[in-house]
Amino acid sequence: MLNKEIYQADQDTAWCPGCGNLPLRNVLADVLAELELSPTDVAMFTGIGQAAKMVHYIKVNGLNGLHGRALPPALGMRIANHKLKVIVESGDGDTYGEGGNHLLHNIRRNPDIAHFVHNNQIYGLTKGQASPTTEEGTTTTVQPNGITAKPFNPIKFAVAMEASFVARGFVGNQEQLKELMKEALNHRGYALIDILQPCVSFNKLNTYQWYSKRVYQLDEQYDPTDYQAALQKAEEWGDNIPTGVIYRNERPIFRDKFPQLDDNTPLVEKEINPKELSELVDEFK
Amino acid sequence: MKLNLVVGGAAGQGLKTLNYILSKTFFRKGFSIYSSKDYMSRVRGGHNFMSIRIGDEEITGPTTEEDILLALNEETIELHQDKLVDDSTILYDGELEDRRSVNLSASEIAKEIGNSKVASTVFIGGVLKILGLDLAETKEVLDEYFEDEEIKEINYKALEAGYQEVETDYQLPSVSKTDNQILIDGNQAVGLGAVMAGVQFYSAYPMTPSTGVMNYIANQENKLGIVVEQAEDEIAAINMAIGASYSGVRAMTGTSGGGFALMNEGLGLAGVAETPLVIAEVQRPGPATGLPTRTEQSDLSFVINSSQGEFPLVVLAPKDAQDAFHQTFRAFNLAEKYQLPVIILSDQFLADSKKNITEFDLDSLTIKRSIMSDEEAEKIEDYKRYQLTEDGISPLAYPGQLEDEVVVFDSDEHDQEGHITEDADTRVKMVDKRAKKIEKLIDEDLAEPEYIGPEKIDYLLVGWGSTYGPLLEAREKLAQDDCQVGVLSFSDVWPLPTAKLEEKAENIELIVVENNSTGQFSKLIRSETGIKASEKILKYDGRPFTGFELYNAIKEEVMF
Ligand SMILES: Cc1ncc(C[n+]2csc(CCOP(=O)(O)OP(=O)(O)O)c2C)c(N)n1
Ligand code: SF4
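From first to last, the protein sequence lines stand for chains A and B. Counted from 1, the first sequence has number 183 at position 182 by the numbering used here; the numbering is strictly sequential. Counted from 1, the second sequence has number 48 at position 47 by the numbering used here; the numbering is strictly sequential.
Bear in mind the hints are in silico, worked out from the structure with no lab data behind them. Note that the Cβ used here is the ideal one computed from N, Cα and C, for glycine as well. Among these hints, one or two may not hold up.
Simulated crosslink set (DMTMM-like; lysine to aspartate or glutamate; CA at most 20 Å straight-line) [what the hints assert, rightly or not]:
1) K86(A) x E404(B)
2) K183(A) x D31(A)
3) K385(B) x D31(A)
4) K17(B) x E145(B)
5) K224(B) x D263(A)
6) K224(B) x D42(A)
7) K178(B) x E284(A)
8) K224(B) x D31(A)
9) K224(B) x D257(A)
10) K338(B) x E270(A)
To be clear about the criterion: a stretch of chain A counts as covered by chain B if any three or more of its residues have a C-beta under 8 Å from a C-beta of chain B, and this derived list gives those stretches [said to hold, decoys possible]:
11) 76-88
12) 158-170
Far from chain A, by Cβ distances over 10 Å, these chain B residues were calculated [as the list claims (entries may be wrong)]:
13) V44
14) R45
15) I78
16) D87
17) S175
18) S177
19) Q182
20) E233
21) G244
22) E377
23) P396
24) I509
25) S528
26) E558
Hey, can you work out the whole structure from these sequences and the hints?
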């Protein structure tokens, strides 16, 4: 196990005291240390939002991109260099709202990426508007009459799309979250963990207490490879919220589907010499 | 001598094959050739045509005059009436009351041979006979084009049959085969330039007329180990390319105006995060969906001002296929040297026009990587991705390259390490740092426009990008009338090189020629140099200029 200190970024966080992002970061550092991933072995891709600032608060390679756009650049890296572990870290608005189309297509592609969604059921950074997962009817500054849309169920969506790894975690259960993250990082393929992360400043409904009363851990009997069972589990929300690996399957990953990529040398280590490509010019003769 | 052959018909009638085989035949025989496409945004029906201009001297653009019209349907004859001249020939599959018409019952002949699909090959035979050419090269081309032996055989038969059926009408000058020429269109030239420059990742979402670039690169991907990924949208396309570039490979994306509108935020990301990125923006008329298969040069102002905020970018507008290849190659070196986005601003006219050009001199090409070498990387301590330097260029490493250091990339304003900052002083330093790179680029790499014409002139024609070829033809025609005109043609359009323009424009009337309705380039010249065009020749009907049309416009509008 590596020393956790090495992930310590010399930046103060801009997160509110008591925010669920803080324990999440702590767990993440534990996970990286336990998996012996040094900061240079990891590349983190984020969008925009409170959650997405993680790149700055933990020392690994990182690309802090645009709102909703964490997945596409991560995908670019998956092609260029398969040697690094790729983590995407983003909020629920970032992932399910602005970035919805990328989520959908990346489940189809199944790249080798561990995606940790900080689901606080609210827009934090922009101060409390509805996110795609906020409860219907909730009133906010921009929805004084209450939200008119049904909340998005990311777990059900991902299971229905047959994502290769779908889990739910809760920052209030750090031990379990750690195991889930480790599993996601070791999973070959796209691993989505929807992490319940209370926003203490703007979400007055889904608080630590609210989640703590409702979440329960899936037991040993539960078989995450059973698609039908997973679909059923994915429906559960409200008084009983299951956490753990909800669905898992094995299928080829994105990079393996390109026969032109070799298994050992990443693209980034290859060299091209135009002078050797004269036959390409001959094709136009 | 120049002769224009036009093949017209409905989409789905095999025009593409006809065009390909005829163009390649003429090219292999040693003729100079310029072929362009005029097509509608539909897969079947409608009216499409392809022009193949051939001659014994270099041809730089299209013409509207039709010497031979190969009409695959009746509509073609109606629509092309006014472009025919007295000694035109109309080749048609039916009876036609026109003294110029030659009847070739291609479909009947094809049926007799046993496959109605080979009617177009019958026509090819007919065309070659009318021109008094033999079939040797065509057989060669058919041989390469079809794989199946049986299909080859039946096409040979159709070719011979068409050849038997008509009489020779034209006497072409004799030309000899050349072995240093290639026949290539603008999109292929961009694709080939990218491949030669070492592109390893290309992501795009299909959009006419840029798709040809993606097609070309995708065609090479297995051979060269390149990856082409069809993104879910243009937003993903540019962000994927940025991710690949951050990872250390040469990456590119391509689109047309509407898609570029979607890429704007990503472009700014590459700008602030100082990521090398090459983007091909193949213009078509806008706004919104515009005319999908037509041409225009109306995205210039948009592209040079694209994305919010202020950051340096480079815009290169290739003049022809030769230039498109070299500019694309150069774009990769520039993007990496200066760590910024470089946009290749092409258009449908250039993208879809095929021309014979002198084979590229591969020995003159050098891939100049500006990412630090592994030896340099080993020595790095305390790496700062955005280190403040004299010339604004920071050391560029990729994730995983440094032993104990990480590479942090940021869309927010950031400090030297790449971390978010709102510090006022750092903000100013970072804005200045990014701007400094452009000063260096202007000093070291900006290319002045090409000047063609005599020393002493009466008028200066100024153009940019693909108007080059038509401008050259117009200039020659004017010179034949003893009118001394010079052409100044820009490939580097942003930042705008001004030295040559200022020198040439002194005491001379400036005529700016562009394919748009507002004179965007003339405005750019004015805002950058204060020089005002005395005339503007603008065209925005979705079609390119022809040399003849420019010649006329200059004679009538400028010289009276
Ligand atoms: C294109 C764009 N639109 C909007 C914003 C403003 N914006 C920043 S973060 C954010 C919402 C973030 O919510 P979420 O992803 O749930 O993350 P949280 O802050 O709650 O962690 C919005 C709307 C932006 N930066 N970019
Ligand atoms: S606003 Fe909410 S999510 Fe953001 S830091 Fe504060 S508590 Fe956390």
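Hints versus structure:
1. K86(A) x E404(B): With Cα atoms ~16 Å apart, K86(A) and E404(B) stay inside 20 Å; holds.
2. K183(A) x D31(A): holds (10 Å)
3. K385(B) x D31(A): violated (26 Å)
4. K17(B) x E145(B): Status holds; Cα separation ~16 Å.
5. K224(B) x D263(A): holds (12 Å)
6. K224(B) x D42(A): violated (30 Å)
7. K178(B) x E284(A): holds (17 Å)
8. K224(B) x D31(A): violated (43 Å)
9. K224(B) x D257(A): holds (17 Å)
10. K338(B) x E270(A): With Cα atoms ~19 Å apart, K338(B) and E270(A) stay inside 20 Å; holds.
11. 76-88: Satisfied; 8 residues make the cut.
12. 158-170: violated (count 0)
13. V44: The assertion about V44(B) holds, with a minimum of 25 Å to chain A.
14. R45: holds (29 Å)
15. I78: holds (33 Å)
16. D87: Nearest chain A Cβ is 36 Å from D87(B), so the label holds.
17. S175: holds (21 Å)
18. S177: holds (15 Å)
19. Q182: Given that some Cβ of chain A is not farther than 10 Å from that of Q182(B), nearest at about 8 Å, it is violated.
20. E233: At about 4 Å from chain A, E233(B) fails to clear the 10 Å cut-off, so the statement is violated.
21. G244: violated (3 Å)
22. E377: Non-interface label stands for E377(B): nearest chain A Cβ at 16 Å, farther than 10 Å.
23. P396: Holds, since 15 Å exceeds 10 Å.
24. I509: holds (39 Å)
25. S528: Holds, since 30 Å exceeds 10 Å.
26. E558: holds (39 Å)
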